[in-house]
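Peer 1: Okay, here's what each chain looks like letter by letter:
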Amino acid sequence: MFRNFFKKSAFLVFSAMILFMMTGCSATTRDISPDEAIHYDEGYDFTDKKAIVSDLVESLLNKPPLVSRLDDRPVLIIYGVANRTSEHIETDGITDDLRQEILQSGKARFVNKVQRGNIQSESDYQYGGNVSAETRLQRARQVGAEYMLTGTLRSIKKKQPKQFRLTKKTLQYYSLTLELTDLQTGLIEWTDSTEIIRESSKPFIGW
Amino acid sequence: MPDKMKLFYVVRYFKWACLLIFLFSALISGCTSAKLNMARDAFYNGQIDQASGALSSAEDVSTRDQLLYFMEKGAILHHAGDYQGSIDFLLNAAALMQDQDVISAGQQTASMVTSEWLTDYKGEYAERLLVHTYLMMDFLMLGNHESALVEAKQALEVYDTYPEACFADYFTRALIAHCYEAENEINGAYIEYKKLAELMGDPAPVARKLCTLGRRLGFDDEVEHFRQFIPEAELKRNVRPAGELIVFVSQGKSPVKIPHNIVLPPSIRFSFSTYEDRSGCLVPPSVGPLADAGPSDMITTDVGEILKASLKERLVAVIAKETARVVAKEAIAHNINDDNLEVLVRLVFFLMEVPDTRCWETLPATLTIIRVPLSPGANQIHLNIMGQTVTLPKIDIHPGNGSFYHYYSIRNGMGSFSSMGDAQSGN
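Protein chains in written order, with the working numbering: chain A, 1 to 207; chain B, 1001 to 1427.
Just chain B, with the same shape it has in the complex (with noise of 0.2 Å):
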């Protein structure tokens, strides 16, 4: 073939890669996540409305990233003090994660010459917990116990699906264990603390629930077992609360995934993604000093650990579809008999081994679950919350009114205090 020629072909070759690869990275960066990412940003920056707003239709995100536009909205709407709002949108979350179970053959082999982008994003395995857990929330903010012991059974099932994963995440234990107790289920609520206080290795923040409900069911030797991790003083107190206050606290940024690559001649490239903190060390909350009621428990679920925990749990299945790419877009490039095509289509296929870094980013970097007790009469409660006070709206508990359980949500990730909502119930 002429000089002249060869050149022809090569140029015409690098066009067309050029343009395919312009193309692929349009689709899976580009405007594919834009709106999210303005969102991700307004939220961090405070701007709740304008995280909110970015997000207004679900036509402005990827139909493959439809998942993250429901999780972000959800998350933003919640510590915007719209409950319902975050409730509509995490509800549909909930619905879309059933309909992703069934393996798109199509978007599977996609993706095995191309790259993890062109999948639909189905959220890693304590994403899909934490969608649960964000909805019971909502619905206790509201005051709807009923449906957030709905959402408790849809939690446990994603525990009993992905224990591993999920172990680690006390949080959404305990809300889990509140949403039986606040509807009156104590034998599930009892469970559910019982299993908590195993997870932790330290019974000691649930020991007080599961005295008090293992005396209603009658369990008097598990009793005795967990008044040990009761302080002696308090058990000659024996004073019994009049209510309760629960506080969700969120506190920083979760981490985010971040690409990495593993470069082999002669053109094989193997990328993946890891998580990397974005919250240095952060304090606990704490309580003020309480009134006569007795001392406040938390427990506390670091969001990272578990997330971490997910991508390690699908880790093999992670690197034998990296392998598979790897191994498919070699016997391809390989095939190919003119040496310049070859070459262009190895660097294509290099370009376009892009690591899937997409993750839920407006979680927090920690969620705990703060208990207070109440007292009869007025109770002003104050929290500590990265260096900051938080003053509580005063409650009055009227005695004989049975047990009170007020709620407030506070999102405290800039360093700044976000939003806070409240909604009582009694029982």
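Bound-form chain A, shown alone (with noise of 0.2 Å):
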């Protein structure tokens, strides 16, 4: 009866082994809320960018001089921010949610930089002798932008010295900066920055 009982719980316990051996291998997909903060490492990632991003658009339109210019809107362009990490990071999904933010605030507009190509090929075809005169667009008519604003990402990666240890702790900052100039005066009229601290650690072994 004894070995009976052994057989079978042998039995329970190596079927229950080998359905949490599937279970761990099988692939699984779920959806994640862009609100919600996961990081596999310390490096940058969406969450980080959502967080820079409107910390400094907040700080940008509640401060001079764009919070004294309720009901002009200034005109703004976008010059990009540039990458010091020492990561290969796209950051024109920055300037992206950074001209989105500000734009669905109503507080300033700006110049389409990135389709001035295409806008002068649009006009010169407008003006090729296909599109009638009374529809055409009208040349000179576009709107200078009155402030440029640009912006650096840096980092700074710091790792644990070498000692007798089973894990390895990586320190990572980054901070983004970003400055509004007066294009006509050239003075930087706002600048802010906003750091993220991150440390996280990795093991030395595993299968």
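Be aware that one or more of the hints could be misleading.
[Stated by the list, open to error] Straight-line distance between alpha carbons at most 30 Å, and here's what the computed BS3-like set of lysine-lysine pairs gives:
(1) A/K49 <-> A/K113
(2) A/K168 <-> B/K1321
(3) A/K169 <-> B/K1153
(4) A/K159 <-> B/K1153
[Said to hold, decoys possible] Computed beta-carbon distance windows for the label pairs:
(5) A/A51 <-> B/Q1107: 37 to 45 Å
(6) B/T1161 <-> A/A51: 29 to 37 Å
(7) A/K168 <-> B/H1398: 49 to 57 Å
(8) B/S1057 <-> A/Q100: 35 to 43 Å
(9) A/A37 <-> B/G1143: 33 to 41 Å
(10) A/H88 <-> B/F1167: 25 to 33 Å
(11) A/R154 <-> B/R1314: 29 to 37 Å
(12) A/K50 <-> B/A1110: 43 to 51 Å
(13) A/A37 <-> B/N1261: 31 to 39 Å
(14) B/T1323 <-> A/K168: 42 to 50 Å
[Stated by the list, open to error] Some but not every residue of chain A turned toward chain B, in silico, with C-beta under 10 Å:
(15) T85
(16) S86
(17) H88
(18) T91
(19) S155
(20) K159
(21) K168
(22) K169
(23) Y173
(24) K202
(25) I205
None of these hints come from the bench; they were simulated from the model. The structure presented is a predicted model; accordingly, all values stated were derived computationally and were not measured. We put the beta carbon where it would ideally sit given N, CA and C, even for glycine.
Take each chain as given, in its own frame, and dock them per the hints.
Peer 2: Below is the structure:
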């Protein structure tokens, strides 16, 4: 009887182990809320982008010169965010989000720098003889930018010194600095920065 | 035990031993590296397309050799002039190197009674640095200075992690300095040029840069110090170049690892590998007569020297693991009670002890960066590389356009001109 019980238990344990292994190996997918903060390592990720953009846009919109220009919605141009980190980060994503949040606030407008070439070619087409004079756009009516928005993303990485241990810790620091420059005077009218400091640990030994 | 029975067991053990050895040999050599070897042979025969085609899929190469796959393919595509393709593969190599920081307990345990071939190839320290070097060159050739600077910073991390193994890679250090300079980060560029001057022991090849950048930073006392390394006649002429041509010259073949064995009775076999040179004495490249813009500067890395330094840096770890493996194998063999079985186990262990000779084989023997100042107007530059004169396309420099960089990458591995590409950028 005992032998039978042992056999049954062994079978159950074995089955449970197989089931556990199969569950662990199976592919899974799940939807994640854009607001959920998930970090797999110390590196820059989409959660960081959202956090730094919203911090800086809040500061830009609530401090001079934009806070005092509620009536006339000044025109801005974004000249990109320079990547000075040691990672390949697509900073166009940051500028896109900055532009979107500022536009949605209704407190400023943007010159479309990226589409300048296409605007020019469309204008040339309309004046090429195919478009009627009444419907074609009027040249020299584009709006000039008053302010230029630029930024720099920097990082500093520090690794734990070599010593006997089972995990390796890394400290990562990121800062995004934005500047608003008055194109007429060349003066920096606003600047602010936001920082992220993150520590992560990685095991030395795995399978 | 009757003799007939004994013979039966001996034959059975022998069959098992043969099967094990066959399986192990097939595992570590045969199909795993066949495609890599085909690609390397084609590359050095000047058949770049065939070389690239041989490595068309990562699945053709063993998972243990994935890093080599990315490295070899990246270098082949660089010399084929496909810089974006090279970037894609070398970025994969860089990502894999980071993942490989975690030591695999399973592989290490298996390799303790077999061979190093069972572990993932992680790259020598110098090879890890050279992945970033090639990425920097690729990005510069495409005119993407910002990404080149990202790679420069990653290369600096490798320098900091393995200073002894990598310090003699002057080419990479010069490239890092240039990446900072091209992005107008002149303080970073100055620091790197100064480090390079200290490491080379002779500041002359970077003295002009140190004086130009030092003056912009207001380091007057240091400028005075570095001026003494510039010829007097040049200082009197005081000509400022309107642009700069930067040529990356790769010459010869890098050394490869060759196996060595030390055999001790009864069946102890220590196996290890060392680098052996494949290129003889190489004549450094030179620039033909230049116009009035000034003399060119040249900085070279002996790739073999840094690879050998990397292997030497790992020597203690290699000896410790080799000793542990020998002890483990001896302990297993010693505890077998059957004499015939012990002999066969010893034979298997002996034959399994194969030195790990994996390495990045499409690297050149030397890497040289040549900086040629350009005068306003048309500049026709001739380079002398391995007894051949290479004439670069004419470069027109228009004064007042700021400083322009023109890049070329030339490989002259087999005495024939392999590939060339160019990009330009102004700042």
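Peer 1: It remains to establish, for every hint, whether it holds in the given structure.
Peer 2: To see whether the hints hold, each was checked on the structure:
Using a Cα cut-off of 30 Å, the hinted pair A/K49 and A/K113 holds, with the two alpha carbons roughly 22 Å apart. Taking the CA atoms of A/K168 and B/K1321, the gap is near 22 Å; set against the 30 Å cutoff, the hint holds. Distance check on the hinted pair: A/K169 and B/K1153 sit about 19 Å apart at the alpha-carbon level, within 30 Å; holds. For the hint pairing A/K159 with B/K1153, the CA-to-CA distance comes to about 14 Å; that is within 30 Å, so the pair holds.
Checked against the hint of 37 to 45 Å, the pair A/A51 and B/Q1107 passes, with Cβ atoms roughly 39 Å apart. For B/T1161 paired with A/A51, a C-beta distance near 30 Å keeps the hint of 29 to 37 Å intact. Separation of A/K168 from B/H1398 is about 52 Å and conforms to the stated range, judged on CB atoms against 49 to 57 Å. Checking the proposed 35 to 43 Å range against B/S1057 and A/Q100 shows it holds: the Cβ atoms sit about 40 Å from each other.
Between A/A37 and B/G1143 the C-beta distance comes to about 37 Å, which sits within the given range of 33 to 41 Å. Checked against the hint of 25 to 33 Å, the C-beta distance between A/H88 and B/F1167 comes to roughly 26 Å, which is consistent with it. As the Cβ distance of A/R154 to B/R1314 is approximately 34 Å, the hint placing it in 29 to 37 Å holds. Hint check: A/K50 to B/A1110, Cβ distance near 44 Å, so the stated range 43 to 51 Å holds.
For A/A37 and B/N1261, the Cβ-Cβ distance of about 55 Å falls outside the hinted range of 31 to 39 Å, so the restraint is violated. Checked against the hint of 42 to 50 Å, the C-beta distance between B/T1323 and A/K168 comes to roughly 26 Å, which is inconsistent with it. The interface hint given for A/T85 is met, as the beta carbon of that residue sits about 7 Å from the closest beta carbon of chain B, less than 10 Å. Interface restraint check for A/S86: the shortest CB-CB distance to chain B comes to about 4 Å, inside 10 Å, so the restraint holds.
About 5 Å separates the beta-carbon of A/H88 from the nearest beta-carbon of chain B, less than 10 Å, and the hint is met. Because the closest C-beta pair between A/T91 and chain B is about 9 Å apart, less than 10 Å, the hint holds. Interface hint at A/S155: satisfied, since its Cβ lies 9 Å from the closest Cβ of chain B, which is below the 10 Å cut-off. The beta carbon of A/K159 comes within 8 Å of a beta carbon in chain B, closer than 10 Å, and the hint placing it at the interface holds.
Taking 10 Å as the C-beta cut-off, the interface hint given for A/K168 holds, the closest approach to chain B being about 7 Å. This hint is violated: A/K169 has a C-beta 13 Å from the nearest C-beta of chain B, more than the 10 Å allowed. A distance limit of 10 Å between C-beta atoms decides the matter here; for A/Y173 the minimum to chain B is near 14 Å, and the interface restraint is violated. Hint status for A/K202: holds, given a least beta-carbon distance of 7 Å to chain B, under 10 Å.
For A/I205, the interface hint holds, since its Cβ comes within 10 Å of a Cβ in chain B; the closest pair sits about 5 Å apart.
Checked against the numbered hints above, the structure violates hints 13, 14, 22, 23; every other hint is satisfied.
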